[in-house]
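Peer 1: Sequence:
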Amino acid sequence: MSPTYTAEFKSQVLREVQETGNASLVARRHQVKPETVRRWVREAKRETHPDPDALSLADENERLKRLLGEKDLQIAMLQDLLKKKGIRP
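Its first residue numbered 204, the sequence shown is counted upward by one per residue in my numbering.
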């Protein structure tokens, strides 16, 4: 079972990594796996600096949803027009 670390401990380790620039050294000093420390660093970066691509993807998603709604409305209008003309699609 993997050990559980407190938020204070993680913060201290992250501060040391920022000061030294060496995650492996700090991991050895605190007897933590280097992969764990690197993961904490990645997670901290994601929390403080959100991915700009993720923001643009959210905008693109909203744009596509609006476009889909417009197309659905156009299809419904065309189907009504065909029905009024007596043409079956």
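Hints listed in this document are in silico derivations from the structure and should not be mistaken for laboratory results. Do not rely on the hints blindly, as some may be mistaken.
[What the hints assert, rightly or not] For lysine-lysine, the following DSS-like pairs were computed, each having C-alpha atoms within a straight-line distance of at most 30 Å:
hint, residue 1, residue 2
1, 268, 236
2, 248, 236
3, 286, 268
4, 248, 274
5, 274, 288
6, 268, 213
7, 274, 287
8, 274, 286
Peer 1: Are the hints correct? Go through all of them and say.
Peer 2: Here is how each hint holds up against the structure:
{"no.": "1", "hint": "268 to 236", "verdict": "violated, 44 Å"}
{"no.": "2", "hint": "248 to 236", "verdict": "holds, 19 Å"}
{"no.": "3", "hint": "286 to 268", "verdict": "holds, 27 Å"}
{"no.": "4", "hint": "248 to 274", "verdict": "violated, 39 Å"}
{"no.": "5", "hint": "274 to 288", "verdict": "holds, 21 Å"}
{"no.": "6", "hint": "268 to 213", "verdict": "violated, 40 Å"}
{"no.": "7", "hint": "274 to 287", "verdict": "holds, 20 Å"}
{"no.": "8", "hint": "274 to 286", "verdict": "holds, 18 Å"}
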